[in-house]
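The whole structure should be built from the sequences, with the hints applied where relevant.
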Amino acid sequence: MAQHEEYFALISARLDGALTPQEEQRLREHLAECADCRRTAAQLEKLHRALMTLPPVEVPEGLTDRIMAAVEQEKIVPLPVKKTHPWRKWLATAAVLAVIVGAGASVRLFLPDRSAEAKPESLSAQNTEIPVSEQGPGPDGRSAEKAVPAQAEDLEEDMTVGTAGIAPQDEEPAVNGSEAAAPQGRKADTGDAAAGAAQAAAPTPAPEPEPTFQPMAALFSVNALSPAPEGGTDAVDAEVLPETAAEVTTRASTADGANLSPAQALELVVARVNASNAAPLSNVYDQAALMCTNSLAGSDELVSTVAYEGLTEDQSAYLFGVDAPADQQRYSHFLVALDTGEVSQIQTLGDTVKNSGGEGQWEFFESQVPGETPASPEGPQAAPSETPTEETPDPESEPSETPLPPAEEALDPPVQE
Amino acid sequence: MSDNQLVEAAKAGDSKAFEELVRRYQGMVYSLAYRMVGDPDNAADLSQDAFLNAWRGLGKFDARSSFSTWLYRLTSNACIDFLRREKRHAALSMTVEDEEGERQAEFPDERYAPHRALEKEEARSALERALAALSPEHRQVLLLREAEGLSYARIAQILEVEEGTVKSRLARARLSLRDRLRDR
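Protein chains in written order, with the numbering used here: chain A, 1 to 417; chain B, 1 to 184.
Among the clues, some could well be false.
Residues from chain A that face chain B, not an exhaustive set, calculated with beta carbons under 8 Å [said to hold, decoys possible]:
#1 V59
#2 E61
#3 I67
#4 E74
A short list of chain A residues far from chain B (calculated; beta carbon distances all over 12 Å) [stated by the list, open to error]:
#5 Q22
#6 R26
#7 H30
#8 A35
#9 T40
#10 P55
#11 E72
Don't read these hints as lab results, they were simulated from the structure. A virtual CB, placed ideally from N, CA and C, is assigned to each residue, including glycine.
This is how it looks when you write it as structure tokens:
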């Protein structure tokens, strides 16, 4: 009865006082002659009144606090994602500035206590459980931290010594949870991780690790990839970009002490991610880290690109942002040491910070991708305000004076504390 | 401070200002989320998601616009997305326990938030159960209109549809609700 449907719409609108006088008139005339519609009108009227008396909903205690805790962690702005970022383009990506600000223990790289004491004891043994950071802000019960069994086979490089403050180990990347406060705090929370921490402590004979990363309390200024990343801390002009991937790839990629190409580094990361429970990445370049949320845009749209990548300031490692397709809103960041090929995972986004109460906070600032990013004209050498931030004893304190506009444009480099 | 002032401050990174916004709107956000998804835990998660999305999206948000409208949109979108994901796992039928004993209630075309089945069904009114049986889109428009008291115009802004769409969707939602109640 299409005719009556028309009247249903009027009946409904009348409940909301949304009828024009003409419509009102027409409806009234129809109701005078239609019992069905009168009945419908009565029913809807009753419903309307009943709905207005739904019991009020009580807001649970602490909701604000919980939300603000998550917001604070968001200030560790995830590396922004570029849409349709052809894999090759990431070679041209400008620097990402990562700054560790945070609690006293922050001298290190946000990674488990590294410092110079690369002890073989802390090398984890085989099959270390690697919690993959897939946890985002306060996802209670929604996204679980997954322990990732490491798989040595996936890593071709001879990953001898982990130097980058992670559980250096023979072959597989593992996050050393042993002494690190942050990851540890987190690990304490999860049974799986505890195993990882325990195993991480297992001594494994290995050559004396040569720390690739100095405890970079300071900045991680990830510069545009240059063809010759060895070299020290010379700021690399972001404008100077490797012409082709091939050019970069020509760097030696042998196992011992030689540099990895970005492609190889990426493959290691992919292998690592594939070792996790996340959906496997079948194609290194197309799928690696593809499902990253452009969280700065406030949307859940999938962005197909490696989240971010680049060289660390000391040119010793590549930094990648990766996410598992299964969980579109979480980032994991990996560092791949160039000389050893070791993959370590950076605890990001609340994983560490949230649970350890401010172990150390990363701040990533998008710097300029030439011609791409709005704002922040400083370019990649964004703020070499290298203040190795070691203090900042108060974990709760805002990471920096520079406000972090939760915007998607490039953020200004922070003023170092 | 007005909402707009708070938003401006929050845009500049002032999380305290944002916190004030959270306090002001958490009731609105949470109650919509709760009525949409039916259980407190998910409602809290979704509320958090909504506010986080707001925080993240502040850069694009025009401070002169209505923050509450935007927040409603973020909240209801989060809820809709959640319910759609849940639907993929939800059984098409659920068991309703009422004074007549257990029986199977079939909702062949309606999506049903499975969590609701776990809530204290006995305590819920027939109305709330019927509401839970609606499709997410119907529940959404009905709640915005009836529970939140929003005008067609505002609902149209929130849902980003035409007012005429709001009007017709509301009519269908009400009829659907009536049908649910009648079928007990």
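Hint by hint, here is what the structure shows:
Below 8 Å, beta-carbon pairs count as interface contacts, and A:V59 has one with chain B at about 5 Å; its hint therefore holds. A least Cβ separation of about 10 Å between A:E61 and chain B goes past the 8 Å threshold, and the interface hint is therefore violated. The restraint placing A:I67 at the interface with chain B holds, with a minimum CB-CB distance near 5 Å, inside the 8 Å limit. Interface restraint check: A:E74 against chain B, minimum CB-CB distance 6 Å, threshold 8 Å, status holds.
A cut-off of 12 Å between C-beta atoms confirms that A:Q22 is not in contact with chain B; the least separation is 15 Å. Look at A:R26: its CB is around 15 Å from the nearest CB on chain B, clear of 12 Å, so calling it non-interface holds up. Every Cβ of chain B is farther than 12 Å from the Cβ of A:H30; the closest lies at roughly 15 Å, confirming the non-interface assignment. At the 12 Å boundary, the C-beta of A:A35 stays outside the reach of chain B, the nearest C-beta of that chain being 16 Å off.
The Cβ of A:T40 sits about 8 Å from the closest Cβ of chain B, inside the 12 Å cut-off, so the non-interface label is violated. Non-interface call for A:P55 relative to chain B: violated, since the shortest CB-CB distance, roughly 8 Å, does not exceed 12 Å. Remark: the non-interface label on A:E72 conflicts with the geometry, its nearest Cβ contact in chain B lying 6 Å away (cut-off 12 Å).
Hints 2, 9, 10 and 11 from the list above are not met by this structure, while the remaining hints are.
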